[in-house]
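Engineer: Take a look at the letters that make up each chain.
2 protein chains.
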Amino acid sequence: MPEAAQGDSRAPETLADLGEWGLIDRLARFAPPRQFDDDAALISCADGAPGQEIVVSTDVLVDGVHFSDPTTAAEDVGWRAAMANLSDLAAMGCPTALGLTVALVAPPSTAWHWVEGVYTGLRQALDSCGGVLLGGDCSSGPVRMLAITALGRLPRSADGGPIRRRDGRSGDRLLASGPHGLSRLGLALLCGEVVQGLDQLEPGLRRALETEAIRAHRRPRGRFDVIHALADCRPPAVPWRVAGADSSDGLLAAVLSIARASGCGAALSRRHLPMAPAMATLGQGPDWCLAGGEDFELVLALEPHWANALQARLPGSRLIGTLTGSEAPEGLHWLEDGRAIATANSGFTHFLST
Amino acid sequence: MPEAAQGDSRAPETLADLGEWGLIDRLARFAPPRQFDDDAALISCADGAPGQEIVVSTDVLVDGVHFSDPTTAAEDVGWRAAMANLSDLAAMGCPTALGLTVALVAPPSTAWHWVEGVYTGLRQALDSCGGVLLGGDCSSGPVRMLAITALGRLPRSADGGPIRRRDGRSGDRLLASGPHGLSRLGLALLCGEVVQGLDQLEPGLRRALETEAIRAHRRPRGRFDVIHALADCRPPAVPWRVAGADSSDGLLAAVLSIARASGCGAALSRRHLPMAPAMATLGQGPDWCLAGGEDFELVLALEPHWANALQARLPGSRLIGTLTGSEAPEGLHWLEDGRAIATANSGFTHFLST
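First to last, the protein sequences are chains A and B.
For what it's worth, the working numbering labels the leading residue of the first sequence as 1, then goes sequentially.
For what it's worth, the working numbering labels the leading residue of the second sequence as 1001, then goes sequentially.
Please keep in mind that the hints were generated in silico from the structure rather than gathered at the bench.
Yeah, the Cβ is synthetic: ideal placement off N, Cα and C, and Gly gets one too.
Each hint should be verified, as a subset may be incorrect.
Unchecked claim - Restraint-style ranges between C-beta atoms, simulated for each label pair:
#1 B/Pro1142 with A/Trp21: 19 to 27 Å
#2 A/Asp127 with B/Ala1016: 24 to 32 Å
#3 B/Gly1130 with A/Asp127: 13 to 21 Å
#4 A/Pro142 with B/Ala1011: 16 to 24 Å
#5 B/Thr1071 with A/Pro107: 19 to 27 Å
#6 B/Ala1011 with A/Arg206: 41 to 49 Å
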């Protein structure tokens, strides 16, 4: 039987067959080359001339997929939705946000009180980053959904510029702007998951950790302060070249995406995982640090002197490793034993059990 | 019984209670004053300094509300979704589009073939306007949905500038860039609605009208050419001041929104409705011309010499009336008899039965 005829008899390929990353790969073919490399797009303000750029990032959140009533109050839905997008602006190098547009879909039976809460949270997040609600659209639909597009302005000068995944080089130090895993712990606490070792913490320490984790989950903060610190502590002899991403998809995913886009490997130090000390004693602590996600910290690859200066400047930040030549299989190894460990996007926990 | 207690016993206010415009009015309170006046937002490229601006517009389309399989093929869904947004850029004065971002929500069972068709249509629309796919996001969800944000660049010079609803003045001539009602006729034909008088048209004329109407519904075109023509035919002594909107919500809605935002009334000429001659013979022709919607033409209010020059320059355009002092009740009257006729957003057909 000819292959074409066999092909015709197959069930049509669905989005479930492709998976999220397979779908994004195919959609990227409709855009210019490398347009989808970063979390946000750069748009030149002046046709052809170098100068200021606008950064634009779009995220969509669907009820039951990205948020739900049991874990997230309306104001927190708005804050998190806005901040997830605003964080992409910081990750691209914007010192402030300009604002965002919101497409809201909701069933007609939705209470105005819920919508009011969402926009109150959005507005609070915008106020904290210097942006405003720019516009949007709304429609009825069978499910609550928010699609947000955030816009920021990127200065092009010696004291600022873009941060892209592709701009790393072998020898750059990797810096995490803050502790990781707290947001995932907060989600676990809100959902009543068992957290191994939590009951062995001293009660005061436990209460403080729980409070911090739930706050980290409900009210994450985009790290615009890191962009200002980057500009302030750049050694005069070092030109602007910063690779980076935010850690919304997890710390390890951020490191791997920077290494791959830069054509490098990455060496991480297991002893320098960016975790609060109390977090490190939890059974799931290292897993959640590396792959919990939604911490919205920045992960940067910098010239070593600049990285050291930034680390000294930012309380809570940590130097976690180095970009290397691409000698390690799949691009990553741990510094402690020098042993190369295979990895894949879908198998972060493999790192932890070796 | 105290009022507060009575209030507590009421059912919570829903979005259905507010309606679309009531909801938008409330959401506008979360934005700076007058931020929601136009279909798109203006963002300055340089902090504080006058110069180039970026225009940003967001629209959301939901399956079953804004499109459906019986009337719209996947490629047409993509084209129309993109063009509805791109038209907002033209309506704000952009001579070209920069591009757009897309948030796609779809059930996992959705065929890749449908998504491919949508993005093919999006890309065709972008190619026709000079823009590119800038980025986006995707998520699973129970309904197919597209939220699109379009971006354009606005020159600030003697030969270009913003077009806003609020910039009209008494004495300005109103110009429609092309015929109206065709998209609504196309929808009627695709849905099998009875069109009064269609069977009395000469067969060749009827076929031509049907073909044009279905094309107008499936493949509307943003009128970027009008922006170029505006710049080319501006009389040297007339500075850039143009009020306008696109007619996506209907011709009369566009006229009224411009008049109201400008603090003016509007006088329209019933003999100069912008309709194709064959369209004017249909029973629903004048209704659909005034309120059919989705024609995506531009409705502009201009200094009279400029308006005359533009009308001479643009085949198919028509001078339809004048902005007046706000003496007319509810802001609108017809020129033919000078009689003032009350109006409301929801009652366009009242105009036609008097």
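Engineer: Run every hint past the structure and note whether it holds.
Structural biologist: Each hint tested on the structure:
no.	hint	in the structure
1	B/Pro1142 with A/Trp21: 19 to 27 Å	holds (22 Å)
2	A/Asp127 with B/Ala1016: 24 to 32 Å	holds (30 Å)
3	B/Gly1130 with A/Asp127: 13 to 21 Å	violated (36 Å)
4	A/Pro142 with B/Ala1011: 16 to 24 Å	holds (21 Å)
5	B/Thr1071 with A/Pro107: 19 to 27 Å	holds (23 Å)
6	B/Ala1011 with A/Arg206: 41 to 49 Å	holds (42 Å)
Comparing the model with each earlier hint shows a violation of hint 3 alone; every other hint is respected.
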